[in-house]
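Participant: Given next are the chains, with one letter for each unit.
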Amino acid sequence: MSDTKAHLPLVDAAGDDAGSESHDVGDTVGHDSGDSSRVIGVLALQGAFIEHEKMLGKLGIRTVEIQQRGDLEQHFTGLVLPGGESTVQGKLLRDLNMLEPLRQLVAGGLPTFGTCAGLLLLAKHVEDGDTHLALMDITAKRNAYGRQLGSFFTHAEMTGIGTIPMTFIRAPYIESVGKNVQILSEVNGHIVAAQQGNMLVTSFHPELNDDLSVHRYFVNMTESGHSLDQAADIL
Amino acid sequence: MGILIFMTNDRYELNKNLAQMLKGGVIMDVTTPEQAVIAQDAGACAVMALERIPADIRAAGGVSRMSDPKMIHGIQKAVSIPVMAKVRIGHFVEAQILQAIDIDYIDESEVLTPADDAYHIDKTSFSVPFVCGAKNLGEALRRIAEGASMIRTKGEPGTGDVVQAVRHMREMNSQIREVAGLRDDELFEKAKQLEVPVELLRSVHDNGRLPVVNFAAGGVATPADASLMMQLGAEGVFVGSGIFKSGDPAQRASAIVQATTNYNDFDLVARVSEGLGQAMVGINENEIALLMAERGK
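So the protein lines, in turn, are chains A and B. Per the UniProt record's numbering, the first sequence runs over residues 1 to 235. Per the UniProt record's numbering, the second sequence runs over residues 1 to 297.
Think of the hints as simulated: they come from the structure by calculation, not from any bench. Among these hints, one or two may not hold up.
Straight-line Cα separation of at most 27 Å, DSSO-like style, residue types lysine-lysine; simulated pairs [to be verified]:
#, chain 1, residue 1, chain 2, residue 2
1, A, K179, A, K124
2, B, K77, B, K16
3, B, K16, A, K124
4, B, K297, B, K16
5, A, K54, B, K16
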């Protein structure tokens, strides 16, 4: 793993410069082709999973789509739970008999990154809603900002990363966290990003903007252990 | 709610983003809070609240309008997923009303009786998102120029006949492939032919896709129909009359959701297609007097 670590950071911090970004994509792909260990699974039942695949692709990471139970047997070193509707994803996880094997993988330490609906899938407690994987010691509030007219875009600070663009779409936020959970970002007094060991969640959608830093942070979790301090050092 | 003040551009991006979150999902027509709950439990990613489903609108005839806001409120209270509702083409006041009651998405729809035979709604003047129907690339880009943040095919609603949705999806994607293959200096003439802004056409040329999400709509009645539309390039599916006009709505809805997600797994589509009971009876394209797809070009 130290070998792959040496390649980081792969892309300059200014992810919003489209020109430099496409240049970096080319570099990265050339650099890392043949390194089959760098594979991240993306849950691809419903929602914005292609957007995550594109972001990870820009970081030189190969992705596999997880659509069925059998897909969980593929090799991957991290897992993304994308945005979408948590009720739909939760139902499909059950219908396709994927909920329990997925829970075992994440509980076993697989680095996992949940955005929006993915946060709700991971939450141990959901106000007025069902829980699904129920592994992360957070209490989430669904549609916490209201309906679509409450969706918003802002820039805010995330611990270990800096100021980043944040897109909230009918988003949840985290009402409270357990003692093992580290709060990584708050916006208007509400928790919008947190980490507990191998689990990283954001109530916003880093996959909808050009800034790659949250995905890079997650890739570091998959490569150098999930300790927050280690990840922060690399960034 | 001071947070609601933004640049228009941000708002349009947020509205396109919501459509991205719906991708791979099924949006179901519902007429009551009870149906909305059945749809949500079956895995709908959003519901379309309307007083009568298209098959009944077609049967009843007469003028079809926006639904009673009270009925929409009831559905908004019953479910946590996004709630959409339809307005008549060009009826910007119906849209103002839906925006006032905090709707998640407005469908400016040919299924209702058009209120304006020349102009669509200027959707750029609204904060809520709009989805519009389109038979081809020209219609799609005109609607997007007017501010639509999502597109769907205009398959003939209330018929259970998927032929038009198929025709529109094939036409759209064939035109997109053609535009993607043009030389840069050929785009001006193509924009003129299609009667669309050249900037939007250039976006299609550069990206090989519409600048917004494109769903299938109209005539989808079975899991096989849903898989067919997804294989033809739809990014998700609207199901109107197909669910609540069928024998077992909950089971059919759930089957269509699974077929939409795993549309390339034919064992799974076969399995969920078993024992669904009576599909909506349907009427053929050439048996109907009113072609709703001809409304609003």
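Participant: Could you work out which of the previously given hints the structure breaks and list their numbers from low to high?
Facilitator: Going through the list in order, the structure violates hint 3 alone and respects the others.
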